[in-house]
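Below, each chain spelled out in residue letters.
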Amino acid sequence: MEFKALNIADFLQGTVEGDEQVSVNNVSKIEDGKPGTLAFLANPKYERYIYETEASIVLVRQDFKPEEPVKATLIRVEDPYEAFASLLELYEQTKKLKQGIEQPSFIDPSAKVGEEVYFGAFAYLGQNSTLGDNVKVYPQTFIGSGVTIGKNTIIYAGAKIYDGTVIGANCVIHAGAVIGSDGFGFAPKPDGSYRKIPQVGNVILEDDVEIGANTTIDCSTMGSTIIRKGAKLDNLIQIAHNCEVGENTVMAALVGIAGSSKVGKNCMFGGQVGIAGHLNIGDEVKIGAMSGVTNNIKSGRTVLGAPAMDHEQALKTYVVYRRLPQLRSQLIDLQKEVAELKSKLNEQ
Amino acid sequence: MEFKALNIADFLQGTVEGDEQVSVNNVSKIEDGKPGTLAFLANPKYERYIYETEASIVLVRQDFKPEEPVKATLIRVEDPYEAFASLLELYEQTKKLKQGIEQPSFIDPSAKVGEEVYFGAFAYLGQNSTLGDNVKVYPQTFIGSGVTIGKNTIIYAGAKIYDGTVIGANCVIHAGAVIGSDGFGFAPKPDGSYRKIPQVGNVILEDDVEIGANTTIDCSTMGSTIIRKGAKLDNLIQIAHNCEVGENTVMAALVGIAGSSKVGKNCMFGGQVGIAGHLNIGDEVKIGAMSGVTNNIKSGRTVLGAPAMDHEQALKTYVVYRRLPQLRSQLIDLQKEVAELKSKLNEQ
Amino acid sequence: MEFKALNIADFLQGTVEGDEQVSVNNVSKIEDGKPGTLAFLANPKYERYIYETEASIVLVRQDFKPEEPVKATLIRVEDPYEAFASLLELYEQTKKLKQGIEQPSFIDPSAKVGEEVYFGAFAYLGQNSTLGDNVKVYPQTFIGSGVTIGKNTIIYAGAKIYDGTVIGANCVIHAGAVIGSDGFGFAPKPDGSYRKIPQVGNVILEDDVEIGANTTIDCSTMGSTIIRKGAKLDNLIQIAHNCEVGENTVMAALVGIAGSSKVGKNCMFGGQVGIAGHLNIGDEVKIGAMSGVTNNIKSGRTVLGAPAMDHEQALKTYVVYRRLPQLRSQLIDLQKEVAELKSKLNEQ
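Those protein sequence lines, which keep their order, are chains A, B and C.
Numbering-wise, this note's numbering puts 90 at position 90 of the first sequence, and it's gapless, one number per residue.
Numbering-wise, this note's numbering puts 389 at position 41 of the second sequence, and it's gapless, one number per residue.
Numbering-wise, this note's numbering puts 876 at position 180 of the third sequence, and it's gapless, one number per residue.
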């Protein structure tokens, strides 16, 4: 799609300076802008790029005064970054315009499908499942029986939603994510083999949740594994059975949370963090990448390390850790000195 | 499905106390039981909940004597937890009742399909592959050429089974798992690029194996990558080419095992463990979460840490690690003291 | 397929010694060779196996002189390992012979499909996408809109390629891999919730790239996430938005690279490595398994540990780490000795 400077300025309630008719079909960073793209200048540190950029249109602040000639068409707005983000969102929404039931696809006669739904080819919708209005289900997605999906939710290609899952409105679930697979529960038998403990619970994703590509969330043994409103999980994360992840909590890729642990709201986890089972992590907790958590954490704390400790302490400890060979040498030197002192003292 | 207290008691060979006609359609924990659900009371610590639970039916021991009035209908059985597990298994088996070939699906004319098989829509069965009796293949599953799958095995939506894989009876493979992808083998060329070493082996899963969602198991370069009878792998695990995982060994999520390593039987690995290549891990070895194993481990040992060491030693070492800054301060203090002693001694 | 000794020798320009008509349909290691298979003897350490192997054919060096009778048919060649690898490659190429459009599949009318393409059942090809000649797309693969795929590339079952991805020639993408999912970008709002930052960039895989099973590569916020020519990524790896991975760089499974980091060429990463965001990793850098990298790394360095440090230093530090309890005991002993010396000196 092509957009003219004039129309963009209209949408942003900005003013054009330069060629009103120039058009763009993509965005770029100002430092590597190409013809036919739109960039923005928000941070004054980047000002020098505006004099060399090849971008056709640049969003600038209302009071921006160029110190050299600028080739690009300028659109003056209140807040260039905000305006740029709005354009990106507009662009994203065009994606959501996909609509209709592609064939072949499989919709069980007992399933209910809302208005303006997109249901891609080779996607599967099981018995008594429900898609809200404006839900977009990409090709090859599996949705089992008794699943409910709230309005405006997008499920990308090949995600797998097991029976009984409940998904809220405005969620985004990326390709290959698995929601509701069996919790990992086995009871040892006397002969060393295991008896599978049936996992008859489900998963609940509240509204505004985002689940990354190939992330897996196991169903509860009984009751529900719950991801609260607004939580955002990156790719390749494992959430085990009976867990709860609080509102607006954000986790980077490859995090693993063992069974029955509860994470509070507004937490931030770095990548590859591990949380042991049956723990309680408070609200607004920050956990550094690759940390291993084996104890409860109180609200507001920042931890780091494996096993995790207070962030400040972890950094101090690590400084000494790096110098352990020197520390050991100093100790050996000191042992020698003390031995010498001792013999000297004994000689007296 | 609804079940009456009377019928449940019949199935469990228990006796009803209360309304025989009350019915349930789900299970719950006694502490958050809801009307229409069945709970159990096994641990006396939970007894107080039986007086307030909203669950319609509670399984109790034959000799249970309530100390207050109980609203729920009771079913008295020998062992309430066992009885509950039996009910869950019964419930699970109803899932296995799925049967028939959904359309559209793809079954190569040369493939063989047993009795009472479920083969979901958009699933693919390649040349000369065989499904045993009562196998359940969920939608969008890929089964390549020359694959054998034993009776009663369940393969959930979108799992991918490469050519030549052999899967035993009573296995469970969760959504998105990949079995038999190429081993990661490349030979460096003089110019710094790599030549792919063809991986012409396969993967064998013996009977009673469970493979978690999005777990990946690579085929062998030659011969077979083998997962032995009764082994249970959680989600997002990587098993590289030429590995062997022993009978009844259990691994938590996000474990990675590098090429040609052999793990014995009845081992237990915590989450995010890493095992280097070409190692031998004995039987009944326990490895703590996030440990990194770089050496062989003898049978029966418990290890922890990265690199992994004996569990007891790891805990002791960690206690000192946490206090490294203090240790360093003590050393500095001691250096000063020794210096003072020295000068004092020299003064004499 | 069956191959006779005579034909294999022809292909390899070798000479047969023994039964020219014996045929094989598989390969094996010489130490566990079975009838009907072909093995090779390159390393003299394995010579003893040639006298007991059940393999029907063994490739040996031109000048090999058996010291005992050999049952197998020998084929004498210049370099047995090279010859064996050539046979494996030949065998692999037979896989690539798959051709034609299986039904049902979905190809948008605006898409372009080259010559000799295989397009499996339930695979999806979106608007304005292009498949080069000899591309092999396995069943249930998703290819979005505006995707370009170069000649000879193989995409295994159920991989998901988001809109706008550019894939070069001779690439291999394994089952379940996700290319082009949204980067993990969210701007905090005053109420603690997050606003999604649209990710409008794409992913570029250059020629000869291999992507492992269930690996995920996020698209760029703007511009491209790039995997350079010849790079090889193992299974379950996460590459975040705006990253770049250099030519011929090789990464083992479960590695995670955070946003906007740039990795140079000819690097080697062990499994479960983590790289923080916005870092610069030089060329020919080696990173040991499970290392956590929080700083830039200069070309040619080898690092280890979490946080990562120079490899030599890491090993030395770890030696002391393992003995921390003893170090602490020595310090305590020394403290006592010094205290004694002090009191002795004061007595004088």
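Since the hints were derived computationally from the structure, they do not count as laboratory data.
Where is the CB? At the ideal position from N, CA and C, for every residue including glycine.
There could be a bad hint or two in this list.
[Claimed, not checked] Taking lysine to any residue pairs in the SDA-like style, the calculated list, with each CA pair at most 25 Å apart, reads: (1) Lys-885/C with Thr-998/C; (2) Lys-189/A with Val-667/B; (3) Lys-352/B with Tyr-429/B; (4) Lys-610/B with Gly-973/C.
[To be verified] According to the in silico footprint, chain A covers these stretches of chain B (three or more CB under 8 Å from chain A): (5) 366-377; (6) 390-402; (7) 476-483; (8) 489-499; (9) 675-682.
What are the numbers of the hints the structure violates, in ascending order?
-> Checked against the structure, the hints that fail are numbers 1, 2, 4, 6, 7 and 8, while the rest are satisfied.
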